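**Q** Could you slot chain G onto chain B? The hints should help.
Residue numbers (my numbering), protein chains in the order written: chain B, 74 to 404; chain G, -14 to 40.
Errors might be hidden in some of the hints.
To be verified - Pairwise CB distance ranges (calculated):
| no. | chain 1 | residue 1 | chain 2 | residue 2 | range |
| --- | --- | --- | --- | --- | --- |
| 1 | G | Thr18 | B | Asp285 | 29 to 37 angstroms |
| 2 | G | Leu32 | B | Arg247 | 41 to 49 angstroms |
| 3 | G | His(-11) | B | Lys344 | 54 to 62 angstroms |
| 4 | G | Val29 | B | Val244 | 22 to 30 angstroms |
| 5 | G | Ala(-1) | B | Tyr115 | 38 to 46 angstroms |
| 6 | B | Ile231 | G | Gly2 | 26 to 34 angstroms |
| 7 | B | Leu229 | G | Val(-4) | 49 to 57 angstroms |
| 8 | B | Ala78 | G | His(-11) | 53 to 61 angstroms |
| 9 | B | Leu250 | G | Arg35 | 55 to 63 angstroms |
| 10 | G | Arg39 | B | Arg114 | 45 to 53 angstroms |
| 11 | G | Val(-4) | B | Tyr170 | 25 to 33 angstroms |
| 12 | B | Thr306 | G | Asp11 | 52 to 60 angstroms |
No wet-lab data here; the hints were simulated from the structure. Here the structure is a predicted model, which is why all the values come from computation and not from measurement. Yeah, the Cβ is synthetic: ideal placement off N, Cα and C, and Gly gets one too.
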Amino acid sequence: MDDLALVFVVAVALGFDFTNGFHDAANSIATVVATRVLAPRYAVMWAAFFNFVAFLVFKTEVASTIAKDVVKQDVLSIGVIFAGLVGAIAWNLFTFYLGLPSSSSHALVGGMAGAAVAKSGLDAVVSSGLGKIGCFIVLAPLIGLALAFIVMAVVLRISTRFHNVEKLNRVFRRLQLISAGAYSLGHGGNDAQKTMGIILALLIATGHVAPDGETPLWVVLSAHAAIALGTLTGGWRIVHTMGSRITRLQPVGGVSAESAGAATLFFVSAKGIPVSTTHTITGCIVGVGSIHRLSAVRWGVAGRVVWAWILTIPGAAVIAALTFVVLRVFS
Amino acid sequence: MIDHRALFFFVAAALSGSLAFVIEDDLVYVPRTVAIVYLILAAVSWLDWRTNNRA
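So that you can see chain B by itself, here it is in the shape it has in the complex (with noise of 0.2 angstroms):
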């Protein structure tokens, strides 16, 4: 019975990757396919691709963050971690119909806390990690914001020596593949480690991985393809972008957005922190945005986003206590 119930809630952690890559297929090709570089179909592969490979770029420290810096591990069980599934899937959906961009990963980090809060109290969490990852949730788009800023004020300073602007565009639109293949990069690598993470805290909790064990690679490459299928299939359905709802961007400008975006996920993923990639590319949009002045940038957006960071992680605890509690008078 324990078994049927570790893959049922395995199936469910790998549907959540899958949504992710469906959602978020759009922060990555959207300046691709808005400046026709590549038709949508092929610029949704290119991301997918890029998805799936960087697991041979990353390690799992996000993985190892997520199984064992949120919930205690003695808390762990397959009720806690399905409760903090449902409160991340939840809260999801409710905000998508609000229109809030909300961060899936703060969602199910929030839902994890929320349900082995549910089980044995405050003590359940590990303060340390939440601490780590809430900090992350303003540093991330601020690092990303700063970064897009700088690139694109030295690629502008550079380009104001060319006088063919025609030409210039042309590269930039080429320079696209290889930033959004990058940013591709770093969202696979931080958002398929959650999913990793969680499967490795159901592994953990049901005695087929050892507390200190390493993620199997079963469950890397799964997660990784669960994310990409999930770009392939959804990204090219999406069509308001990222790109045009902040601030309308030019190829030179998607260029230093994804880079600078690369590169923060990149570090991030480095140290283990997960981090919301929708929040890091906004932050890199803003950034891009705001080099000529701020009124450019349509603050409406970036302001959700402040309150997505507020109520994401008490709103999906919430949910997934509640969930965790029926599930116990139930079971």
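**A** Just chain G, lined up with the frame of chain B:
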């Protein structure tokens, strides 16, 4: 008249700097570095704004 961008960068610097007090020791360099970068960006932005407004 104030430079809104410089003000924004200054607030970002303050926000990052304040996180240095709560983040764990081995990562404290991150918010500190980010705060310093934003202070520099605020200063550069303000100089840029002042130059443009004088012209």
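**Q** Compare the structure with each hint and give your call.
**A** Okay, the hints, checked on the actual structure:
1. Thr18(G) <-> Asp285(B): 29 to 37 angstroms: 31 angstroms, holds
2. Leu32(G) <-> Arg247(B): 41 to 49 angstroms: 34 angstroms, violated
3. His(-11)(G) <-> Lys344(B): 54 to 62 angstroms: 32 angstroms, violated
4. Val29(G) <-> Val244(B): 22 to 30 angstroms: Given a distance of about 27 angstroms, which is inside 22 to 30 angstroms, the answer is holds.
5. Ala(-1)(G) <-> Tyr115(B): 38 to 46 angstroms: 44 angstroms Cβ-Cβ, so the 38 to 46 angstroms window holds.
6. Ile231(B) <-> Gly2(G): 26 to 34 angstroms: 31 angstroms, holds
7. Leu229(B) <-> Val(-4)(G): 49 to 57 angstroms: Since the Cβ atoms of Leu229(B) and Val(-4)(G) sit about 24 angstroms apart, the hinted range of 49 to 57 angstroms is violated.
8. Ala78(B) <-> His(-11)(G): 53 to 61 angstroms: 54 angstroms, holds
9. Leu250(B) <-> Arg35(G): 55 to 63 angstroms: The hinted range 55 to 63 angstroms is violated for Leu250(B) and Arg35(G), with Cβ atoms some 39 angstroms apart.
10. Arg39(G) <-> Arg114(B): 45 to 53 angstroms: 52 angstroms, holds
11. Val(-4)(G) <-> Tyr170(B): 25 to 33 angstroms: 31 angstroms, holds
12. Thr306(B) <-> Asp11(G): 52 to 60 angstroms: 39 angstroms, violated
Violated hints for the displayed structure, listed by number in ascending order: 2, 3, 7, 9, 12.
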